[in-house]
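J.: Just so you know, the protein sequences line up as chains A and B, in that order. The letter at position 96 of the first sequence is residue 96 when you use the working numbering, and the numbering goes up by one with no holes. The letter at position 170 of the second sequence is residue 170 when you use the working numbering, and the numbering goes up by one with no holes.
Worth double-checking, as some hints may not be accurate.
Once the Cα atoms are required to be at most 27 angstroms apart in a straight line, the calculated BS3-like pairs of lysine-lysine come out as [claimed, not checked]: (1) Lys175/A - Lys175/B; (2) Lys67/B - Lys371/B; (3) Lys371/B - Lys174/A; (4) Lys285/A - Lys56/B; (5) Lys345/B - Lys285/A; (6) Lys354/B - Lys273/B; (7) Lys174/B - Lys175/A; (8) Lys311/A - Lys375/A; (9) Lys175/A - Lys285/B; (10) Lys354/B - Lys375/B; (11) Lys67/B - Lys285/B; (12) Lys174/B - Lys56/A; (13) Lys174/B - Lys273/A; (14) Lys49/A - Lys175/B; (15) Lys56/A - Lys311/B; (16) Lys398/B - Lys346/A; (17) Lys315/A - Lys274/B; (18) Lys374/B - Lys311/B; (19) Lys174/B - Lys279/A; (20) Lys285/A - Lys175/B; (21) Lys56/A - Lys285/B; (22) Lys273/A - Lys315/B; (23) Lys175/B - Lys315/B; (24) Lys354/B - Lys311/A; (25) Lys315/A - Lys279/B; (26) Lys368/B - Lys279/B; (27) Lys175/A - Lys67/B; (28) Lys345/B - Lys279/A; (29) Lys345/B - Lys398/A; (30) Lys285/B - Lys273/A; (31) Lys398/B - Lys285/A; (32) Lys398/B - Lys345/A; (33) Lys311/A - Lys345/B; (34) Lys175/A - Lys49/B; (35) Lys273/B - Lys175/A; (36) Lys279/A - Lys315/B; (37) Lys175/B - Lys67/A; (38) Lys49/B - Lys66/B.
These aren't lab readings, by the way, just hints derived from the structure by calculation. Computed from a predicted structure; not experimentally measured.
There are 2 protein chains.
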Amino acid sequence: MAQEKEMSRVTEWRIRMADGSSEALAPEAGLACRAWLALKGLIMGLVLKVCNFFRKAWDLGQNEPKKVIHCLKVGMALTVVSLFYYMRPLYEGMGGNAMWAVMTVVVVFENTVGATICKSLNRICGTFVAGSLAIGIHWIVSQSGKEFEPFINGISVFLLASAVTFSRFIPSVKKRFDYGAMIFILTFSLVAVSGYRVDKLLEMANNRVYTIIIGTALCIMITMIIYPIWAGEELYMLITRNMDKLAYSLDGCVGEYFNESGSSSEGDKESAKKLLGYKCVLTSKATEEAMANFARWEPAHGRFNFRHPWKQYLKIGASMRACAYCIDALDGCVNSENEVPELIKKHMSNIALKVSSESSRVIKELAKTMKTMKKSSTIDYLVGEMNNAVLELQEDLKSLPTLFINPQPLQGADCPEKKNTGAVALMDIMPLVTLVSLLIEIATRIEGLVNAVEELAEMGEYKSVADEKNQNQPVSKTNVPDEHKEGV
Amino acid sequence: MAQEKEMSRVTEWRIRMADGSSEALAPEAGLACRAWLALKGLIMGLVLKVCNFFRKAWDLGQNEPKKVIHCLKVGMALTVVSLFYYMRPLYEGMGGNAMWAVMTVVVVFENTVGATICKSLNRICGTFVAGSLAIGIHWIVSQSGKEFEPFINGISVFLLASAVTFSRFIPSVKKRFDYGAMIFILTFSLVAVSGYRVDKLLEMANNRVYTIIIGTALCIMITMIIYPIWAGEELYMLITRNMDKLAYSLDGCVGEYFNESGSSSEGDKESAKKLLGYKCVLTSKATEEAMANFARWEPAHGRFNFRHPWKQYLKIGASMRACAYCIDALDGCVNSENEVPELIKKHMSNIALKVSSESSRVIKELAKTMKTMKKSSTIDYLVGEMNNAVLELQEDLKSLPTLFINPQPLQGADCPEKKNTGAVALMDIMPLVTLVSLLIEIATRIEGLVNAVEELAEMGEYKSVADEKNQNQPVSKTNVPDEHKEGV
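Turn these sequences into a full structure, and let the hints steer you where they fit.
T.: Following this line, the structure appears as structure tokens:
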């Protein structure tokens, strides 16, 4: 506004044109002023944008210090590998090929150990196989005579590049050897093509594999020794975190419906955010798959063996998503406008809350099983409790209202609505019935989740808590710890 | 079996050991035979595996010829770029840097045009910016004296590599410039490091940028001219295909529940597979995002402008997923064991089927809108019909059974179940009520989908069918085409 006012105060010169229009002659000062203001606006906007960017980056760094450490590790690896160039004796050994070590570090160094190892092995194998093949073909070609060389080379590059590119579309190759296939094409083309010029082909190939091995070894060492980020552990954390979120969401959604949010001490916004935790479960499929893919390349670390059943985590994730779909539907249905009569709602609230809390207890116990990596001694008991609560809920529903079929409305839809005193339309309790039905469905799906986690416990050879106790003292026959004996 | 028999007929020599156990001395022939059989088994297994692999690859190629064509394009691009090496005049111009053209082609050539352009521009910009910066720093360093060079270079590599690696974690950078950032680090390190040795730095950098531009230009040309695969078009096809699947699944699931599958002529397996079409919607999030990301780099093609609102497709995809969650929950709930009394089921079947068919008609109309890229003149009418059907369903539910609250069970759960003649327990009709409730929820979510598609129509400046008709003949006021006037 201030800018406009300023402009209007400036005297304006106008030229009247032949066609009746007029053109303003902006005074020099005005133009300069306008340009200055525009420039100032532009610069301010740019500065603001840059500031915003850095603020975001700063927040990211504060929230996830792991990422900052990874960046420093990359910088370190690159600086170390640069030494090959600066140290003359090493340089003379490697020749110009030291460039390949730098390139390897840049391309191969990934966020997680698994990804780095996967790319490293892919790079080494791809280079080695393609190099050998290319040199072999080069040798055969050199026997047959110089004049055919370009043709044979061209055809072999065309055929192999097409075939290997195609193999990258095959899921089993794509999952594990995608990068290796690309490196294969790259190396084969380079060697085949430069074989025409470079005489010391074998030496060059040798040097190149050598530098690549140095680069990858450096990457793997740095990524594994300095504050390692394991893909397996990330996957494991993601799954257990999502399990907690799922349990909280389930509890929260049902609680909220019955107006017993239970977390009055916390901020409402925080609570609402937590209720939507199940959405994280819905969106983490891609991350889970990537992590599981990299985790299988990792050596034994922490509590995980080399052949830890990472694939099973994907099954667990899928089971969790199946639950989350139902919670999403539940969230939509219970928020509809139909108001359930207070009396019925109150009558059902206890048992519905019991089902949801028993269900989320099962999920929490599963999360605990995963966190401690010990077979739970109470999971069967808790699943039983959950199923009992479901049965109780069904019984309650059975005993609550008997429904009299009024034969008249079955004939046609134009029958006038008859309201008896004390009668409740089915319509009115629909959200409640839906909630109950979805709760039962969720309980069924949780059993699938329980199975998935139990399979993991079998595969991963988790010890049971009872086994550990056995070594110290005899346990009671029921296997139910004391805290559960008195009931909830 | 035959193998075992054969083995048992051979005479066996045994040595009795000191500890009482005996060790068989297998005759030479037996050993050779066994080894031969083992080898045969191994080879057969390997052959079988390889055959399997090729069969899979063949199926993939037959199902998606686009991928085969892409592979041939890659082979062609590589063969063409190899010419730089073989043609002596070109080679002399480029020097050994022609290698960079080969490398560029291998790394940059992607399946879709968008991805190729994205990587190409990233590569060019990353190389150019990093090269300029590195040369600038090199010049400053060279002024300050040789002895500090390694230190300054090392520090600058460390700092820049760390910072740029960090920037790759920032979502907005990661989405668009991830590859460019990597190339920046690569180029900067290479130039900074080799600047210490190579004297003709500027010329080398110049040549490198030059060859990279040649490589990328070749890739972009080949990918755009020969049977182009546009990321935008792939995204568009994916979304419309998923919409059809969603409509079919919704129709099918509800139809199946009421035992009116409607597709008796088709194979049951085929039909069941189609019913699960909504699962494709659930799993296509990652693909949608990747495609939308690449589509924005593509120039105008086919019916899409340069600034086609690709982001809106993600919103449409999200809306579809919201519907699919409900269908998944519905699929679970209606398959529960509770049998709804035939009488009630039959009574509700007509109207429930109507709601589902009206809903799926809306989805199909949206799919048609997207396919024809013309604003639908009937969508408002269809949404109205859907909402009417929902209202009718609710009315039916209201009028059907009046529910008498039995005050007794409200006191305690131990009350014995009382069954009046002709009474139906709420429990028994629960699946039906849930189905109805979820259908209503799905209808609500479909409205969200309608809004998303309408926004797209606005943004993409779709013409309306009415506009086109206006140019030929006056339309009726209601805007409802004849086929809809008589009702369904």
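J.: Could you tell me which of the hints above the structure violates, numbers in ascending order?
T.: 3, 5, 24, 28, 31, 33
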